[in-house]
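What follows is each chain in one-letter form.
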Amino acid sequence: MNQMSQAQAVPRSIRTIPEYRGLLSWVSSVDHKQIGIMYLLGALLFLLLGLVEATLIRIQLAVPENTFLSPDSYSQIFTMHGTTMIFLVGMPLMLGLSVYFVPLMIGARDMAFPRLNAFGFWIFLFGGFLLYFSFMSGSAPLAGWFAYAPLNEKAYLFNSGQDYWVIALLLTGAGSIATAINVIVTVFTLRAPGMNFRRLPLFVWMTTINSFLILFALPALNTALVMLFADRQLDALFFVSAKGGSALLWQHYFWFFGHPEVYILILPVFGIISEVIPVFARKPIYGYGFLAGSTVAIAFLSFAVWAHHMFATGLGFPVYYVFAGASMLIAVPTGIKIFNWIATMWGGSIRFTTSMLFATAFLIQFTIGGLSGVAFAAVPIDWQLTDSYFVVAHFHYVLLGGMLFGIISGIYYWYPKMTGHFLSEKLGRAHFWLMIIGFNGTFFVMHLMGLFGMPRRVFTYPADIPYLAPMNMLSSCSAAVLMLSLLIFFANLIVSLYRGEQASDNPWEGWTLEWATSSPPPPHNFDKVPYIRNRRPLWDQLHPDLPEARLEAEHEAGGASR
Amino acid sequence: MNIPSPLIPASLQARDINFLFQIVLIISAIILLVVAGLVLYSAVRFRRRPGDPVPTQDFGNTKLEITWTVIPLLIVTVMFFLSVRTMHAVDPPPLNRPPDIQVVAHQWWWEFSYPESGVITANELHIPIDKNLLFSVTSADVVHDFWVPQLARKIDAIPARKNFAWIAADQPGLYLGTCAEYCGVEHAWMRIRVVAQTPEEFSQWQKKQLAIPAKPTEPLAVKGYNVFMSRPCSSCHRIAGTPADKDIGPDLTHIGSRQTLAAGVFDNSPGNLEAWIADPQKFKPGCHMPDLQLEPAELTALTAYLEELQ
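Chains as they are written, first to last, in this note's numbering: chain Z, 1 to 562; chain L, 1001 to 1310.
Please note that the accuracy of each hint is not assured.
What the hints assert, rightly or not - DMTMM-like mimics (lysine to aspartate or glutamate), calculated; alpha carbons at most 20 Å apart, straight line: (1) L:1207 / L:1308; (2) Z:243 / L:1141; (3) Z:154 / L:1308.
For the record, the hints were derived by calculation from the structure and aren't laboratory data.
Build the full structure now, drawing on both the sequences and the hints.
Okay, here's the thing in structure tokens:
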């Protein structure tokens, strides 16, 4: 007990906080910081599994007509890779950072519903384990991560793997909805005094809007999953066309969830980028209002674009007009963000920490993924390239070159806050450059594979189609570099926890509230929550000669254009 | 060299789509150059140097931000209208015209039939050049997708639903295609070959396909015929002019005339055919053709008979 009060006074490392010692303190915790860290650790565990699957995929495809994996195993592995990366890596990474930092950034002591928060995490973990348990049931699911009907029906997949898939996604989905509700209530009710919605940090803005997206999108998936389960177990025939159901109906349900899902994964990353760039460029975010507003626009539009995944299904011209138009429109608010971020860098004094390097790479790589996305909104181009490797290239640029690069930027940025130690910048730089080479080498060439007629989800390709073999070999070799870079990242996360340089409370000179408390924060977060007068509560403390109030007043008066 | 690439179009439709793709590619390349250029320029120009003062605290500029909202809006508006124009050029409505070709996708092979002439074939489609042909596409089981990039848009084959699209070819030649929607474990081996021929060659081919193969006379082939009819072969396949009339597996009336076997797994040769029938699960694991447990002598006879079906 004596020890406890002593350590609490100066918590220097997460390893020495008495409340966080011992496994029991973690499994029984309702502390949003512990839950956030457990979310991230869970996600990293599944990331490791997803990477093993990716490695197997790239080995199989390295040479044409390879027999390394059987068609059956290959199908299981790419299905598990996709499902894992979306539901067990992307979602928990995003939710973990949200539940850790939203309360800190708004000056709250915890989430609004701490036990619901724990529930959300544990149900996700349980769902993830259940999905992997399917390997022991005879067969993992093998219908792909979007599991089109009627291939997902018992008539075609009689193994219980597909049933595990349904239950696992239902569980993780329920957890995501719980956490989304929790974030919304937290942000609406627990903000520090003076922090109105115009003073909310952009990460919190985007996470909040994101929570609304989760709230409206995931129920569509859950509905479809329950219907599929009824089909498989009770012969309900929702998706069995031969008996009066509709195979196409599944696609509508799935993509009504599936497209907003892409934004669910990327919006919090937009938030991270909007925190990282200003701090390292030493400038306020450029166009706060446009950034927050364009996020609302994206959220609304994301529910009106789902059928662009179905342009090859023969829905008909009127449908194409609407969904092509909306899909192209959504590029506009996204473009606004890119230009606002560049404008934030412009004229700044940029410190290229590893975090900032990842944020910079994000800007370019996400733009590539966004531009190929616009190409898919042009219906005739989609008619040629959908379901080809061009799509595989596109969404890996969005989800890996965009989402994962942004999340990693956030992890380098916030790791000192979470643990009290810096991540090694030396390892960080090796990680960054290898990942740039590995990522672009693996995925850029996939655009060309698609343009050379290679469909996605094939376990092999004919040896006599020119160029496919060398392109696949290049991709596989680059994938090895990508894996190496991520292993360095994992090593960095572990080594720095023990040997990482000690971090001060505000090591990057950030100006949002999480930097106002110690690193790592004490269990109760803040001894005293300050009154919030502007968007950068810590600015005045760092720059007493340039008070934020005066800067804002000058801007209102038109002085900012100087 | 046959490259199944939409960048090497061989029909009006594929050319129109390729033209649109080139425009979008150029626009995208310019945008990427601008964005990457600005990012890299700021990264170099504005990187922190020792002794830098606190930079000007710039909160934004509404006029500038409206500019970079309106410009992308204009670009996507142009792209939208170009897309609509191409959509109409490539995919005009069929207007109740009966299809020239019916495509039925199966796990994992293609059935092609020509309703006018009555020809039925598998995995290998023959078309006359310079003719816009309407094809209807459906599926006998799960969702598949018909994709021959050089000749036509891709179109899904969905059970209990008929989709229509147009296919054409400018020049005679072989055009490769494949199933483009994941349809189960053997999705990779569901390849399409389109043989585009001059009208004369095409009608010759059609005539040959309509001919009912003569009854075998050579003893080995006769034995093979008997094997086919008495063993489970005839409970799935059809051979015109014989009692075998099932349509669960591909029509074998002219199997000897096709270039490949098992939807692209091998070239069609007597050796490959025999190996395939002897152990389909070895070459296409998961496919619906069972191992028939034939004696080696039966196998040789059966191969001899099938090879005669030119």
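Which numbered hints fail: 3
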